[in-house]
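If you follow the hints, you should be able to join the two separate chains into one complex; please do so.
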Amino acid sequence: MPIKSSSSIAVSDLASGLAEVASQPGVASLLVLACDGNGYAAESVDPILKAQKLPVAGGVFPQIISGTTRMEKGFVIVGLSEPLQVETIPGLSVVEDGFEDRLESLDVDLSKTRTVMVFVDGLSTRINDLVEDLFAVFGLEANYIGGGAGSLSLEQRPCLFTNRGMVMDCAVLAFTNMQTGIGVSHGWQDLEGPFEVTESRRNTVVSLDWQPAYEVYRETVEAHAGNVFASKDFFEIASSYPFGISRLAAEKIVRDPVSLGPNNEIVCIGEVPQQAFVHILKGDPASLIAAAKEALRRGRDSFEGRVDRRAVFLVDCISRYLFLGAEFVRELEALSIDTKTPTFGVLSLGEIANNRKDYLEFYNKTAVVAVIEA
Amino acid sequence: MLLRAEEQQIYYEISMSIGTGLEYRKMLKDCLGKYLRKLNLSAGCLLRTIERVDGAIELEPFYQLPKKAAANRAIHIVNTFLQRSYDPQGLGDLKKELPFSHSTMDEEYAYFFSLPDFGILVLVKSGGPLDEHTINALAALNAKLANALNACLQKEALVESEHRLAEANERLAEFDADKLSFIQYISHELNTPLNWIGSLNMMESKSLSPENARYLDFVRKGFSRISTLAQLASSYFEEARQKRRGEMQQLDLRELESALQATLMPKLVSKELTLIFEGDWEGYLVADKEGLVFVLQVILENAVNFSAWEQSIRISFERADDKGTFSVTDRGVGIEAEDLRKVFKPCQMPEHKRSEGGYGFSLPRVNLICEANEWSLSVKSEGQGRGSCFSLSL
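Quick note, the sequences are listed as chains Z and H, same order.
Using the numbering used here, you'd call the opening residue of the first sequence number 1 and step up by one each time.
Using the numbering used here, you'd call the opening residue of the second sequence number 1 and step up by one each time.
It should be emphasised that the hints constitute simulated quantities derived from the structure, not laboratory data.
Computed from a predicted model, the values in this text were never measured in an experiment.
Heads up, some of the hints might be wrong.
Unchecked claim - Result set (DSS-like, lysine-lysine): computed pairs, CA atoms no more than 27 Å apart in a straight line: (1) Z/Lys73 / Z/Lys50; (2) Z/Lys112 / H/Lys68; (3) H/Lys26 / Z/Lys357; (4) Z/Lys357 / H/Lys68; (5) Z/Lys357 / H/Lys29; (6) H/Lys67 / Z/Lys112.
Chain H on its own, in the form it takes in the complex (with noise of 0.2 Å):
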């Protein structure tokens, strides 16, 4: 006979044992294993409640120990003693017996518990009957045992959607390489007709009359533009298919200095613009130094389109190890906040800023190399005609 003392560690054995991992199927076979070595029974199987459409609910056999249906018991008493289905008010009434016993044949004894918001646990003894002060010990375990296989069902079921969105993102993937593919196709294909219209060109204007001239001229900016937004376009989709990052060169901070200024002073001039370097410019960086010079090059440019005569553009470096924060502020026309996120993205730019000479490709390669590079950009802009603020971090 066993001391109180010594069932309380058979519960808490038992007990040590459910919840253990989420894998519901392992689980289940360590603490049904472990009910029946502790309590020495000779079969187990849980009952799953399952609404079906036309409100009946089905008492679904969930897992079994022995896993062989001939060679358990539970299961051919289950199969005796309980309905397959119930509606619920049938479902509501045998809940209300649980837990309940049922003695078959030679001394075996069926036990029938319930798991709170799962279903129903079947445990068949040999030999001789559970004392009731162990029916009741069980309430609490199978309390733990329904939480335990709820969590693992959750689990599986969150298991089971992000699956199903690791395989959407994939296509999607895959749907984006074709819309870059297809992008980059009909760019390079438009390059054969607009060689042809390109012909155009070997054409006299002298030799035509006035109106004749002037509509071969349209034609001629007509062909320029589309050619270029074409060899752009072409360009850029190639580069966001590939997303190759460029080599990595030691890069004197002064020569970059020296360099962005000398690229920009003939537009800084033109609109009487201050250029002002701000922050730590000595010493040196390990960077993508192509990549670094264009994407400093583009924003100033940007920063120079969409500043007012006379203003000033002030560029920064924050020294930080051997990485560092670039900032371009200036106190231009600056950007809605509903345009902030589309800057990058190409062909988004909104209409009132289009320009004759831009196609909207620019931040776009910028950004693209600063993904390549793991680079971070942002901007910041307090609206219309409030200036911005863009910011990268190596």
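Bound conformation, chain Z alone (with noise of 0.2 Å):
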């Protein structure tokens, strides 16, 4: 599997790195993975894409890694060997339809289809919406991976490649005939709960229990914690403290609050419903970085392909990083299978994944492996 990987923020070593890669014997399409800090325009980047013959999918994320390296700037270019259908769904914050018929007019043979690769601009509103018409229409046929692309700026701007440029607000979807194995895990433990969430508006928390969103959570992270609001921002405190929804025999759903609203509603990554019940939780280094290596063990597992040909493809929520800070080593080491055994990916803003049995969802704050047959 042709891998180039550099951290230069030259939209030139891009092009040339994407023609290397293309160049290579075996190669069917790339998957190219860039970091924010890059700061591509997407007038510069736009002529490259849009040159390029072979099948082009992927995004600009917070930051990226490649084998054990997290990388803040640069990019990483992956030669696959199965061709990629790449389809563009527009309009991932628009208010109105759904999304089920733009997905049940693509015409792919599901027969051929054993993962999807699943882009999405991060700071969009519908993501779930997206994720729940993927379900209602393909089903758990396929295995599914992806993430949310874009900037911890929360600045939305075009961040996801195909062959017709950088798109925003957009999901790009690659259907491929790649042999994968998924594991999903997080690691995040109940603090306090349930919680009924009697107010809600998409992404935005606005009661719990009937009382204020902020004041119940306040009060729960400050038991936990002590006054940390005083002294700390919002975003600084929540990261340590997400929400998570139940499910049956499952973990739960993470839900990463990321900022207030004009009236201290909380904002976050991700739909939490009304009349859902979620929990407040911690995490401390040791159960996420046990979650990563279950999460590796889980998609080890469930790989199908080559030994041999196998490498591995990680989503990780970038949040996990800024949680571990400096223990995010052990986390990508957990994440690792061996030395020889290729390793890129993602810090995302949210991740997809489904391995053919739960119900297709849209995580937070998760570490997503993919080992794929290169």
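Now the structure itself:
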């Protein structure tokens, strides 16, 4: 599997990297992962993408991974031996009809689709609707792997790569017959709850147990961590205390609180449905790193391809890095099979994954591993 | 491992997603999606029981998630384990077994649940079975789902009937318009032959023999009546088609009182009738002045025509803000109960009330004006010989 990794932010290096990987024998499509720190401008990158003959999918993420190295600048280009059927779904924040009709109109041969890579603009507001409609249309006959692209600055701009150029507020779906084994785990544990979400609007939690959500959240967190709200900003505190939504016999779905609204509503990455019961979760480095290891184990166990041709594609939440800090190196080590197995990935704004067993979900603060056949 | 309390919360969440709307596709997408998400299932489908004419009962796929059959394991399993149709006994036996499960390949479990009075729900879980407690707990949710679905279908049937009714009303309105056009056309077309017949008026009766002069007189009478009828019918049906509202003007009530008095005076005098004005006739009204005067004149003329000699007729006005109600009461021949609704319809005057000078278009025209102005016009009578009371609310 040809992989080109560079810490260069120069568009010319991206262009030469693409040309180099695309020219390798057996390469049928390209996965392009780049750092937000590169500051790519669409008008510079678009001509390169449009000139590329092989199918291209990928995006610009807060950070990327190459081997056990976390990169804040640069890119990784992966040459895949299976072709990708790349489809773009626009209007990921447009509050009108669902995506079902658009998805149903795609000419996809499910019998020749083992994996769907799903890259979304992580700052779009209707990612959950898209994920639900993906499940509603395509079900779980394929594995899913992907996540939210974009910038930690929360400024929305073109962040997804397609053969038509860089796009924003879209989803890029790449259907492929590539063998994959998917593992998902997060390691966050219950701190307090459950609280009923008595009012919410998509990803904004207004009240919990009929009280202002922020008051409930602050009281709960301060009971555990002391008077932190006086000295730290909300994002810094909330990265350690996400919400968890219960499911039967499965890990909770984590929702990452990222900011406060004008009336102190709690804004999350991902939808928190009204009438759901949530817990406030806590994490510690050991439990998170153990979960990363568990995700890798699950990915390896469910991989049915050739072991000698396997590689690891990681979609790990950027907020796990923000929480673990220096210990994130241990997470990357936990996510690595061995030094011989190529490993690459992204630190994302939300993760999308499924192993053909669980309901398809948009996750936050979660480690997703795809063991892929190169 | 979830605590029982957390399980209850999961069931509560599913429960709250059931019956959130009356559009069943959206409701099912939400609530079946919630079943699958909260119970971590991989597929689901609903089968509806449909009784066929031959008495067999069909299990019709009604809704499924995922929607593509090729991607829905529940559909595969249904096709393997269930027949497409059952006789009533066979379906009864199947229902007695519910809920039941089948495990298939790769730790995949299919669960078949009853949806009372609706059909069967099939849920598929991969990676491990549902526990018995959960299976039992779902019975109540499934019953709620079946009720909600039946409500949705009833609503859909109602909407469909309303739609059909609206279409029928539209067709009816078209027929009505056609009828009006036809009558108006005929009335108009009568004018030409009537004009030809009218040329008989050019004949000098003196030049005819007495017998022929008598015949000519009959023809003239006939011509006059048909001509008036054609004219009235033509203008009535034209007004009915147009439903035109008159110009809004300020109306001095005292002037109205005087005008009505003056118009009716000759007839009142000839029958020695008394017209009594009651209520508040001071001030002004803003209304379709021409229409209102016509309406009141016609109602009063009717009262005069159908009153016996020396009787009194009362007209009152009760003001309510800038509106008000006029009432005209007489002690005349009255109206039979079965004729009360007919008095405002054209060409429906009871035979015994017809007169040489009346054509039965006056009150219908009054009714048209009231409808155009959105005035409320009604009539009450205690029966023959007991008088009548017309009320007009502006």
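Problem set entry | 27 Å limit on alpha-carbon distance, applied to hinted pair lysine 73 of chain Z and lysine 50 of chain Z | Within the cut-off at roughly 23 Å; holds.
Problem set entry | Holds or violated: lysine 357 of chain Z to lysine 68 of chain H, with C-alpha atoms at most 27 Å apart | 17 Å, holds
Exercise. Has the given pair, lysine 67 of chain H with lysine 112 of chain Z, been kept, meaning a C-alpha gap of at most 27 Å?
Worked result: Satisfied, since the Cα-Cα distance of roughly 18 Å is no more than 27 Å.
For this session: Verify the proposed pairing of lysine 357 of chain Z with lysine 29 of chain H, using a straight-line Cα cut of 27 Å.
Result: 19 Å, holds
Exercise. Regarding the pair lysine 26 of chain H and lysine 357 of chain Z, is the alpha-carbon distance no greater than 27 Å?
Worked result: Holds, because 24 Å separates the two Cα atoms, which is no more than 27 Å.
For this session: Assess, step by step, whether the Cα of lysine 112 of chain Z is no farther than 27 Å from the Cα of lysine 68 of chain H, and give holds or violated.
Result: Holds: lysine 112 of chain Z and lysine 68 of chain H sit about 15 Å apart, inside 27 Å.
In summary, this structure violates none of the numbered hints.
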